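Asker: Start from the sequences, fold in the hints, and give me the full structure.
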Amino acid sequence: MKLCVSSTGKDIGSWVDTTFGRAPYFLIIDTETMDVVEVVENTAATAGHGAGIAAAQLVSDKGVDGVLTGYVGPNAYNALHAAGISIFEGASSQETVKEAIAKFKKDEYHKASAPSEVPPCEPGRGKGPGRGMGRGRGKCRRP
Amino acid sequence: MQKTIEGNFQSEIIAAYHEKNFETPVIGVTGGKGGVGKTTVAVNIACALVNMGYKVALVDADVDAPNAAILLGMTLENSLDVFITRPLINESKCNSCGACVEVCRLNALFLPKDKAPVLLGACNGCEACLLVCETNAIHRGKKTVGKTYKTNRGNLTLYTGELIPSLEESAIVVEKLKERIFQEAADFDIIVVDTSPGAHCNVIKALQGSDSVITVTEPTPLGAHDFELILKLLDIFELKGTAFLNRADLPSPKDAVQKIAQDHNTTVAAELNTDDLLIKSYVSGDPIVTMFPEAASAITFVRLAHEIAQEYLI
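Residue numbers (my numbering), protein chains in the order written: chain A, 1 to 143; chain B, 1 to 314.
Calculated from the structure, these hints are not laboratory results. These figures come from a predicted structure and were not determined experimentally. Beta carbons are placed, not taken as given, at the ideal position from N, Cα and C, and that holds for glycine. Each hint should be verified, as a subset may be incorrect.
Said to hold, decoys possible - Some chain B residues close to chain A (C-beta under 10 Å, calculated; not the full set): (1) Cys104; (2) Leu106; (3) Leu111; (4) Pro112; (5) Lys115; (6) Val118; (7) Leu120; (8) Gly121; (9) Ala122.
Answerer: In C-alpha cells form, the structure reads like this:
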C-alpha cells in the first residue's frame, strides 16, 4: 500500500505533522517494504485559501492509497473521499513517521468515515533540555 | 497585458473612474470614521433637496449595515438579488485536464483522478475556471450574495444595497447597486451616495462617478485620524469636495481637523453642534429638515442643499 504520512521533515525519522493541509512535507511510503517512495514538499501549506483541498490534490496526483495524519479538515476530507483515498487519523506529533507506520501496520489508527468536527487536542512535544535539578542519591560522606 | 499602476496608466484609471454616461450630478457623502454622521448628513441633504422640489435618488452604499431607510422611516421595497457565478461542471464535456484546478486561486476545485472536478471550497465567482476550460465544460451557475432595493416616496427614491451577513462579496453588492442607480440616473435631478466608513474598495466603488464629495468628521483624535485617511484617498482618486464638521462643540480642540482640511485644500463648509432635536429626529425615523425645520441643524442642512443646487442644478 502507498501510504502518505504528513511530516515535519524529509526522512522517515522526522516527527509526524498532525495537520494534513498545512504539513510541510508528505512522505509517501510503501508499507510492505517501509521504503520512502517519494518525498513531496507540500506547496499548499502556505496557501491563503483551500490548503486542504490543494494538499489533497497534490497527494491524489501521486496515486497514494491512503493518508495517515493527525487530523484532516472537512474540505480535505471531502477531496480525499472523492478521490477514493483512505483517511487514517489520530497520529501524534510525539511519534516519528517510522513509529507511526509501525503502529499503522498494527491497525492502531481508525479509518475516518466522516469529517471530524474539531481538531483533536494534544499536548505539545517538549523540545527543551531537562532542568537538571535531580538530587544526588549517594551517601553523605563527611570529611 | 500586465502593467503597473503608474504614469499614464494611472491617469487612464482616474479618467475612467470619473466617467459617467448621464448628466445627473452625483454627490458623495463619506467620512472615514464610523458614527460621525454620514447617513444623517446624506439623508437630510437629500430630503432638503426634495423639499426644494427636486427629484432625488439617495443611495445607501453601506452594504454591510444599510440603515438610511431607518432614518427615513421607510420599509425597503423592490428587491433584486445580487449574484456571483458558481461554476457548474458538465462532466460529459470535461476532459479532466486540470487547468481549472490549477488556475483557481482559492483552491476551491478538486480533481479526482480521471474524473470531472468538484467544487469543494469557497468560490468567489471570479470565473477564471470558465476562461481556461478548453472544452467549455464549465457553465455559469448562480449564488446569491445580497440584494439591492429601490424604495420610492414622492420625489425621494432610496436605493439600498444589502450583503448577506458572513459573506465577503460586499464590493460586488456595491457595484450592482451603483449599476442599478446609474442605469436609472436620467430619472433624477440629483444623486446622493452615502458610503460605508473606511477608506477601502467599497468606499472607492461607492464614490465612483461623484462630482463632489462631502467628508463628514468630528473634532476628536479618531475623527481627525480617519479624516486624514479619507482625504488622502480622495486625493488619489482626484475627487474634490468639502468637509462637514459634526459635533463641532465637543470639548475637544478643532485645530487638528482644520489643519488636515487645509493641508488637503478642503474647505469646512459646515459645522454642526450637538443638538437634542437632531437626536429626536434620529430616533423617530423622520429627518430633522422635515421634523424640525426651524432647528439650527436643519437650517445648516438646507443651506448646504441650496449651495449644492446653486452649483449643480441651476
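Asker: Of all the hints given earlier, name the ones this structure violates by number, lowest first.
Answerer: Per hint list: zero violations.
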